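Residue-level listing of the chains:
There are 2 protein chains.
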Amino acid sequence: MSDVVVGIDLGGTNVKTAAVSADGRLLGKDSRPTRSEEGPEAVMENMAGAVAAVLESAGVDRSRVQAVGIGAPGPMNWQTGIVYSSPNLPGWRDVPLAEAMSDRLGLAVYVDNDANVACYGEYWLGAGQGVDTMCLLTLGTGVGGGIVVFGKLLRGIDGTAAEIGHLKVMREGRTCGCGATGCLEAYASVTGMVRTAKEGIEEGRETLLTTLSGGDFDRLTGKMISDAARQGDTFAQWVERETGIWIGIGVSSLINLLNPERVVLSGGMIAAGEALFGPVRETAKAMAFDVPARRCEIVPAGLNEDAGVLGAAACAMDRHAGNVR
Amino acid sequence: MSDVVVGIDLGGTNVKTAAVSADGRLLGKDSRPTRSEEGPEAVMENMAGAVAAVLESAGVDRSRVQAVGIGAPGPMNWQTGIVYSSPNLPGWRDVPLAEAMSDRLGLAVYVDNDANVACYGEYWLGAGQGVDTMCLLTLGTGVGGGIVVFGKLLRGIDGTAAEIGHLKVMREGRTCGCGATGCLEAYASVTGMVRTAKEGIEEGRETLLTTLSGGDFDRLTGKMISDAARQGDTFAQWVERETGIWIGIGVSSLINLLNPERVVLSGGMIAAGEALFGPVRETAKAMAFDVPARRCEIVPAGLNEDAGVLGAAACAMDRHAGNVR
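Protein sequence lines, in the order shown, are assigned to chains A and B.
So that you can map any letter, position 260 of the first sequence is 260 in our numbering, and since no number is skipped, the others follow by simple counting.
So that you can map any letter, position 244 of the second sequence is 1244 in our numbering, and since no number is skipped, the others follow by simple counting.
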């Protein structure tokens, strides 16, 4: 009886692994350092060890595992399971992750983009439950995205769909890491938020951030900004609000394009709560059509750290059943 | 044997009607003035007459018609078939179009948004044939849109999806007819193109358009701009190019979000050919990720005037078979 799926969330810092029942119960979890500095072979050996550990701790025999899903950072090809490269995984060049892990584990292995996987996890068991159409934005160093339409994860023919961070929100705007200009990510990510702060400071705005960063604005972090904002620093509060407005502009495009029932925000930035969600919701409401704007709930992620492992498990289960194109 | 579908394209100026076989052959066509100034009842009577005429000319007995599809301007509700209002149909307020036409014709009637219907027509029999994911932009007074994903027309839970003209491309940009700012439509429509020309002229640019408009720039039209461009007017050529760049920015967002195999442009503006498609393609390529940008063909519509009637027929056929949610 193959009633268990294993989900792996392969991050640059940690590998998280979980055994999950077909109906979505977490049977066992494992988290360990990725040891990415040791290169792909060591990381894969590490993941194989995590799978063994999690099955043992859950008391699940390997024969009960129908498939293993991995959420991996890109660029990559979900159909072949090859990871082309990754800023967070040094030394990874065209690594046949699905095949190599399948050989190690003697199990079917499916690889998907990490933000897509997190979106599908939220759809299955988190803040996206019960809807037909949703979007997820992961607000971190960059802005990742996932889209579910018609109840299915939208991967795209090349697996590059749902790059919500690379919606254009400003012609001739900031240069983005992707090489284009005016991408949402250049404003709405933590990096973008820090950039907004730096630009404001360079214009001579007074702020606690001068003290918090020791006067070295290259050391500014998202945490410093949220700390300063919580301490009542008007400038830091403005920076948070600006970031929320940019996110809201991107969300309004999603609402007008997809008429989603829910837009889920995740990542450390959402700890700011209403200070972030307030301007996001106001802007989305002002900039999108009334009917779909009223329909769309803009909510925080529900699964926190587990979205990746649960979503990777769900993706593997779907793909193993042949439900994916 | 119900092997025929009737498609109606309800425009502000003309009603186009066609009898279509289930496998996509045009059996008969009709086009007549909408007579929208006479109000909803007269327009619907007019449409019923067109259906009778087209069936007669095609030699098709009414018993062979499985359903009638209408592509109507919005805002409207495709599920109830009610048209709330329309700038091009004076006096239309909450008209139960599907029900009233069904009563008149004694046939099942399905109403959908006109741009969605045109997209589905192109998908079925035009420039979108053979793909799984595509977008259509109708470049006219406004910018309408349609999206097919997973081989299905994306209507959205409220029927408001695919409003491609209301992607945000510029923070604090031009005010749009929808009430928001910075929408693609405010730059990429014919109206937006004329606005770009006016702004340039107000900045003192020299152009043939001064002569063509008789010095009254409120009389400027898209046609004057394309005429001037073809006559070698540098300013008019710049206006066309700018418009293409804006369209390309919107298309790059679609490429990054949906990884479509094709983006189809339609409307009178596409007569400009390479002068428009050149900058659209260049901009989309420069602003979108490489892999999906290489994948996506940006092409002119293939069905011209027939996209609406064929798409309306296809939508009705799908919905009648229960293939739509």
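Since the hints were derived computationally from the structure, they do not count as laboratory data.
Source: prediction; values computed, not measured.
Among the clues, some could well be false.
Said to hold, decoys possible - Not everything, but these chain A residues come out facing chain B in the computed CB check (under 7 Å):
1) 3
2) 156
3) 157
4) 158
5) 160
6) 161
7) 166
8) 168
9) 169
10) 170
11) 172
12) 180
13) 253
14) 259
15) 289
16) 291
As the list claims (entries may be wrong) - Residues from chain A shown here face chain B by an in silico Cβ test under 8 Å; the list is partial:
17) 154
18) 256
19) 261
Stated by the list, open to error - Stretches of chain A that chain B covers, calculated by requiring three or more beta carbons in the stretch to come under 8 Å of a beta carbon on chain B:
20) 274 to 288
21) 314 to 321
Cβ coordinates follow ideal geometry from the N, Cα and C atoms, glycine included.
Okay, the hints, checked on the actual structure:
1. For the restraint placing residue 3 of chain A at the interface with chain B, the shortest Cβ-Cβ distance is roughly 28 Å, beyond the 7 Å limit, so the hint is violated.
2. The closest approach between the C-beta of residue 156 of chain A and any C-beta of chain B is roughly 3 Å, which is under the 7 Å cut-off, so the hint is satisfied.
3. With a cut of 7 Å, the hint placing residue 157 of chain A at the interface with chain B holds, because the nearest CB-to-CB distance is about 6 Å.
4. A hinted interface residue such as residue 158 of chain A counts as satisfied when its beta carbon comes closer than 7 Å to some beta carbon of chain B; here the least separation is about 5 Å, so the hint holds.
5. About 5 Å separates the beta-carbon of residue 160 of chain A from the nearest beta-carbon of chain B, less than 7 Å, and the hint is met.
6. A distance limit of 7 Å between C-beta atoms decides the matter here; for residue 161 of chain A the minimum to chain B is near 4 Å, and the interface restraint holds.
7. Here the hint on residue 166 of chain A is kept, as its CB sits about 4 Å from the closest CB of chain B, short of 7 Å.
8. Because the beta carbon of residue 168 of chain A sits about 5 Å from the nearest beta carbon in chain B, less than 7 Å, this interface hint is met.
9. Interface hint at residue 169 of chain A: satisfied, since its Cβ lies 6 Å from the closest Cβ of chain B, which is below the 7 Å cut-off.
10. Taking 7 Å as the C-beta cut-off, the interface hint given for residue 170 of chain A holds, the closest approach to chain B being about 5 Å.
11. Against a cut-off of 7 Å between C-beta atoms, the interface hint on residue 172 of chain A is violated, since the closest Cβ of chain B lies about 9 Å away.
12. Nearest Cβ of chain B to the Cβ of residue 180 of chain A: about 4 Å, under the 7 Å cut. The hint holds.
13. Here the hint on residue 253 of chain A is kept, as its CB sits about 5 Å from the closest CB of chain B, short of 7 Å.
14. Look at residue 259 of chain A: its Cβ gets to within about 3 Å of chain B, closer than 7 Å, so that hint holds up.
15. A cut of 7 Å between beta carbons decides the hint on residue 289 of chain A: the least distance to chain B is about 6 Å, and the hint holds.
16. Here the hint on residue 291 of chain A is kept, as its CB sits about 5 Å from the closest CB of chain B, short of 7 Å.
17. The closest approach between the C-beta of residue 154 of chain A and any C-beta of chain B is roughly 6 Å, which is under the 8 Å cut-off, so the hint is satisfied.
18. Restraint check, residue 256 of chain A versus chain B: the minimum CB separation of about 4 Å is within 8 Å; hint holds.
19. Evaluation of the residue 261 of chain A hint against chain B yields a held restraint, the C-beta minimum of about 6 Å falling below 8 Å.
20. With 3 residues having a beta carbon nearer than 8 Å to a beta carbon of chain B, the region 274 to 288 of chain A meets the requirement of three or more and the stated coverage holds.
21. Remark: the region 314 to 321 of chain A is not confirmed as covered by chain B, as 0 of its residues place a Cβ nearer than 8 Å to a Cβ of that chain, below the required three.
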